[in-house]
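Peer 1: Residue-level listing of the chains:
2 protein chains.
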Amino acid sequence: MKPSIPKGTRDFSPEEILKRDLIFDTVREIFRLYGYQPVETPAIENLSTLLGKYGEEGDRLIFRILNSGDFLSGIDRNDILEGGSAKLSSLICEKGLRYDLTVPFARYVVQHRDEIVFPFRRYQIQPVWRADRPQKGRYREFFQCDADVIGSDSLLNEYELIRIIDDVFTRLNVNIIIRINNRKVLSGIAEYIGESAKITDITIAIDKLDKIGPEEVNKELAGRGIPADAIRRLRPILELSGNTQAKLASLREILRGSETGLRGIEELATLFSYISGSPVINGTELDLTLARGLNYYTGTIMEVRAKDVSIGSICGGGRYDNLTGVFGLQGVSGVGISFGADRIYDVMTQLSLFGKTASSVTQVLILNFGEKESGFAIKLRDLLKGVNCRTEFYPDPVKIKKQMSYADARKIPYIVIAGDEEIKTGQVICRKMETGEQKFLSPDGLVSYIRSELGC
Amino acid sequence: MKPSIPKGTRDFSPEEILKRDLIFDTVREIFRLYGYQPVETPAIENLSTLLGKYGEEGDRLIFRILNSGDFLSGIDRNDILEGGSAKLSSLICEKGLRYDLTVPFARYVVQHRDEIVFPFRRYQIQPVWRADRPQKGRYREFFQCDADVIGSDSLLNEYELIRIIDDVFTRLNVNIIIRINNRKVLSGIAEYIGESAKITDITIAIDKLDKIGPEEVNKELAGRGIPADAIRRLRPILELSGNTQAKLASLREILRGSETGLRGIEELATLFSYISGSPVINGTELDLTLARGLNYYTGTIMEVRAKDVSIGSICGGGRYDNLTGVFGLQGVSGVGISFGADRIYDVMTQLSLFGKTASSVTQVLILNFGEKESGFAIKLRDLLKGVNCRTEFYPDPVKIKKQMSYADARKIPYIVIAGDEEIKTGQVICRKMETGEQKFLSPDGLVSYIRSELGC
Numbered sequence: 001m002k003p004s005i006p007k008g009t010r011d012f013s014p015e016e017i018l019k020r021d022l023i024f025d026t027v028r029e030i031f032r033l034y035g036y037q038p039v040e041t042p043a044i045e046n047l048s049t050l051l052g053k054y055g056e057e058g059d060r061l062i063f064r065i066l067n068s069g070d071f072l073s074g075i076d077r078n079d080i081l082e083g084g085s086a087k088l089s090s091l092i093c094e095k096g097l098r099y100d101l102t103v104p105f106a107r108y109v110v111q112h113r114d115e116i117v118f119p120f121r122r123y124q125i126q127p128v129w130r131a132d133r134p135q136k137g138r139y140r141e142f143f144q145c146d147a148d149v150i151g152s153d154s155l156l157n158e159y160e161l162i163r164i165i166d167d168v169f170t171r172l173n174v175n176i177i178i179r180i181n182n183r184k185v186l187s188g189i190a191e192y193i194g195e196s197a198k199i200t201d202i203t204i205a206i207d208k209l210d211k212i213g214p215e216e217v218n219k220e221l222a223g224r225g226i227p228a229d230a231i232r233r234l235r236p237i238l239e240l241s242g243n244t245q246a247k248l249a250s251l252r253e254i255l256r257g258s259e260t261g262l263r264g265i266e267e268l269a270t271l272f273s274y275i276s277g278s279p280v281i282n283g284t285e286l287d288l289t290l291a292r293g294l295n296y297y298t299g300t301i302m303e304v305r306a307k308d309v310s311i312g313s314i315c316g317g318g319r320y321d322n323l324t325g326v327f328g329l330q331g332v333s334g335v336g337i338s339f340g341a342d343r344i345y346d347v348m349t350q351l352s353l354f355g356k357t358a359s360s361v362t363q364v365l366i367l368n369f370g371e372k373e374s375g376f377a378i379k380l381r382d383l384l385k386g387v388n389c390r391t392e393f394y395p396d397p398v399k400i401k402k403q404m405s406y407a408d409a410r411k412i413p414y415i416v417i418a419g420d421e422e423i424k425t426g427q428v429i430c431r432k433m434e435t436g437e438q439k440f441l442s443p444d445g446l447v448s449y450i451r452s453e454l455g456c
Numbered sequence: 001m002k003p004s005i006p007k008g009t010r011d012f013s014p015e016e017i018l019k020r021d022l023i024f025d026t027v028r029e030i031f032r033l034y035g036y037q038p039v040e041t042p043a044i045e046n047l048s049t050l051l052g053k054y055g056e057e058g059d060r061l062i063f064r065i066l067n068s069g070d071f072l073s074g075i076d077r078n079d080i081l082e083g084g085s086a087k088l089s090s091l092i093c094e095k096g097l098r099y100d101l102t103v104p105f106a107r108y109v110v111q112h113r114d115e116i117v118f119p120f121r122r123y124q125i126q127p128v129w130r131a132d133r134p135q136k137g138r139y140r141e142f143f144q145c146d147a148d149v150i151g152s153d154s155l156l157n158e159y160e161l162i163r164i165i166d167d168v169f170t171r172l173n174v175n176i177i178i179r180i181n182n183r184k185v186l187s188g189i190a191e192y193i194g195e196s197a198k199i200t201d202i203t204i205a206i207d208k209l210d211k212i213g214p215e216e217v218n219k220e221l222a223g224r225g226i227p228a229d230a231i232r233r234l235r236p237i238l239e240l241s242g243n244t245q246a247k248l249a250s251l252r253e254i255l256r257g258s259e260t261g262l263r264g265i266e267e268l269a270t271l272f273s274y275i276s277g278s279p280v281i282n283g284t285e286l287d288l289t290l291a292r293g294l295n296y297y298t299g300t301i302m303e304v305r306a307k308d309v310s311i312g313s314i315c316g317g318g319r320y321d322n323l324t325g326v327f328g329l330q331g332v333s334g335v336g337i338s339f340g341a342d343r344i345y346d347v348m349t350q351l352s353l354f355g356k357t358a359s360s361v362t363q364v365l366i367l368n369f370g371e372k373e374s375g376f377a378i379k380l381r382d383l384l385k386g387v388n389c390r391t392e393f394y395p396d397p398v399k400i401k402k403q404m405s406y407a408d409a410r411k412i413p414y415i416v417i418a419g420d421e422e423i424k425t426g427q428v429i430c431r432k433m434e435t436g437e438q439k440f441l442s443p444d445g446l447v448s449y450i451r452s453e454l455g456c
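These protein sequence lines map, in sequence, to chains R and E. No gaps in the numbering here: position 398 of the first sequence is 398 in this note's numbering, and each next residue is one more. No gaps in the numbering here: position 223 of the second sequence is 223 in this note's numbering, and each next residue is one more.
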């Protein structure tokens, strides 16, 4: 039997984890710097929490967990025979795997409302699972890194999240462009073209503009029942050019009849005024074709792309005015963003942004010369460990050549030779693997040398 | 609808996560200091990987994931009607949730054997899931923190793991006792009492000595078919007293007829000689009643208890000579330990070992006086952020009293007041919440003050 893992899942090797942790650590540090607090929710949620929150397609992609024990007990056999898979799964599964971090967070806020101090800034870095068709760059288990503020209407929150995005990617050395839009403007546009009721269809279609181009979007709009006249009225809006001020001015004119649309324009104007007066390093851009698929957004929406790699969105988010409503807590506004760790990893790999430092945990290997020399080697290891130098003592007294090739393969930068002779003279040998340079040092001298070399 | 989570699972609040991370960070740092490398495996494994590895009871406790899509398609309806739950679950579920970190690691080693450099020291900190009956201190989702060395027979590895245990609990300020035994000695004892074939029953029974006492253990042994004469022969061995040397000497005499038993005694003697010659701070003890439930152990076994809290084992492990055999890689010896993060958390809570420092992420709150003062406040925030001070700017211009009580409830140690007046004079007010002390400071002065107060 050749062992394997389910398709769409991955093992992470030490090297991959050290790189990935660089992303997590950066995101976590920036979140904390802005006062976001960590929350974690269980991998397993009740299906009643998850179902109906992600659309029909989402419901299908939720992994369901079979009830424990004799799960068929009490179930009418006719239901099984006649109901088919969908019916049966609702009878034998009560729990499912976390599908995203937003819905469990909404559930968390409602469930713990009495302990939470609002406005509540929280971050959450956990895996999610989707029974998606596995394909390149899309996995069935992947990490999301979310930050949300809940219980505050202020656009300063949107601004803060943009600063967070800017800080994270600046620190990771990834050049990005942050595209920004507002759902109220999209509603205003739907009003303007006389198709308010079709706002969902319109946003789903124009969300694809980037991928499939204007002709195909128009076909899709037509397919979704938008009349040709409305499509014609829509086109010039999506093609508005000029800088942000110019676009907003044109929009103010076009949407003058829509109260919602004008509100959205003012929100955008305020947000861009915050941005223009501040040290945001990466580019931001008003993009009226940005729609974002999820329907719970009600205000600002944003999406981030890498400038130097074509890979789709690497971060996105927006404001939702009533996410907790479905769990019984009405009228609480929130805004959040989500970093796609896997895609950021791919971008950084393609741009060779992971330094050499991440390639080995271990900094020094002490060779093993046998039982007699072990005590001395362990003392050396303890000395180095005492100054926080990550040190291995090779556990078996095998041929030195084998131990050396272990150090090589593991990319351990320094090895220490302390055989019978060295112990007698009190001078051990330290070899820098990259250059082959060797030094004769006392144990204390070794510690000083390694400290100065590694800065530990 | 009142939202809830499945029984046996937990939400983690910010305060809980900050405390728990103290444990994870300590364990991770010590693992790395000894050269252990991180590995992660998917939450979802094929059932063929998991089943049959944890005994019958374990198989029942594995959470199974319903196949996606039309999972009933192609299944004979008679199988469903007549086979019952067990039969049906094998037809409609191919995947299950990770039950521990050891079996997935064995699978990982075999699957990636060509990329791995042996001896392979790996650590893994991930959640596992068990459909156990939830009870106090026992959860259906909980974290394990494992370290294993695979591909080395040397007892230096056992010694190293004991050093790791000692370092972790010393750093966490938890007093512990490490109990050590050897499965070969237990086999020797089974031989000596003439019940070699019943070694599993014997270890299961004496493993409970601690919990249920000698009388009940004897009853259990009898119930498992061990003759009265054998039980009588066993008793004095389990009651051997004196120091480690004395116990080993007596055992050498008693088990002189068992080759396996003598090998186990020599392994123990070597391990204890390493320990006695080294700076292990916490107590270690040879405990012949220590058996550990899992049957894959073949050599050293160890278990850790807190001295000051009665809560059962908080860390344990041992050597297994053929864990990868079941996946097709024979003759690779390994040894590992697993820290129980939840129980360590409970021990530290009971002993009040979590400092105040963990109680708030945010160090400074800048109050919000309205739109006009926002720009100035954001600049202050950026200054503080620039020296890595975790700073929030309250997002809404609500009553100052409300903002103050937010700072109070969040336990934020410093607040900054920069209203119209302060901006004009260029002197902001910084209030230390604990003492009520207030200082008038320039923006640069504020940064210096906060740096010196927080050491950031």
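None of these hints come from the bench; they were simulated from the model. It is possible that part of the hints are untrue.
Same chains, same label: a pair holds when it works inside one copy or across any pair of copies.
Said to hold, decoys possible - With a straight-line Cα cutoff of 30 angstroms, these simulated DSSO-like cross-link-like pairs (lysine-lysine) come out:
no., residue 1, residue 2
1, Lys87, Lys7
2, Lys198, Lys372
3, Lys2, Lys87
4, Lys385, Lys2
5, Lys136, Lys19
6, Lys372, Lys2
7, Lys19, Lys385
8, Lys432, Lys198
9, Lys2, Lys247
10, Lys136, Lys439
11, Lys198, Lys307
12, Lys379, Lys432
13, Lys402, Lys211
14, Lys247, Lys372
15, Lys385, Lys219
16, Lys307, Lys379
17, Lys198, Lys19
18, Lys198, Lys2
19, Lys439, Lys208
20, Lys219, Lys7
Peer 1: Could you run down the list of hints and mark each one as holding or not?
Peer 2: Here is how each hint holds up against the structure:
| no. | hint | in the structure |
| --- | --- | --- |
| 1 | Lys87 to Lys7 | both (26 angstroms within a copy, 24 angstroms between copies) |
| 2 | Lys198 to Lys372 | neither (81 angstroms within a copy, 39 angstroms between copies) |
| 3 | Lys2 to Lys87 | between (35 angstroms within a copy, 25 angstroms between copies) |
| 4 | Lys385 to Lys2 | neither (39 angstroms within a copy, 52 angstroms between copies) |
| 5 | Lys136 to Lys19 | within (20 angstroms within a copy, 38 angstroms between copies) |
| 6 | Lys372 to Lys2 | neither (41 angstroms within a copy, 67 angstroms between copies) |
| 7 | Lys19 to Lys385 | both (24 angstroms within a copy, 25 angstroms between copies) |
| 8 | Lys432 to Lys198 | neither (68 angstroms within a copy, 54 angstroms between copies) |
| 9 | Lys2 to Lys247 | neither (60 angstroms within a copy, 45 angstroms between copies) |
| 10 | Lys136 to Lys439 | neither (48 angstroms within a copy, 57 angstroms between copies) |
| 11 | Lys198 to Lys307 | neither (33 angstroms within a copy, 67 angstroms between copies) |
| 12 | Lys379 to Lys432 | within (21 angstroms within a copy, 47 angstroms between copies) |
| 13 | Lys402 to Lys211 | neither (53 angstroms within a copy, 47 angstroms between copies) |
| 14 | Lys247 to Lys372 | between (79 angstroms within a copy, 26 angstroms between copies) |
| 15 | Lys385 to Lys219 | neither (66 angstroms within a copy, 49 angstroms between copies) |
| 16 | Lys307 to Lys379 | between (51 angstroms within a copy, 28 angstroms between copies) |
| 17 | Lys198 to Lys19 | neither (44 angstroms within a copy, 49 angstroms between copies) |
| 18 | Lys198 to Lys2 | neither (52 angstroms within a copy, 32 angstroms between copies) |
| 19 | Lys439 to Lys208 | neither (62 angstroms within a copy, 55 angstroms between copies) |
| 20 | Lys219 to Lys7 | neither (35 angstroms within a copy, 49 angstroms between copies) |
Going through the hint list in order, the structure does not satisfy hints 2, 4, 6, 8, 9, 10, 11, 13, 15, 17, 18, 19 and 20.
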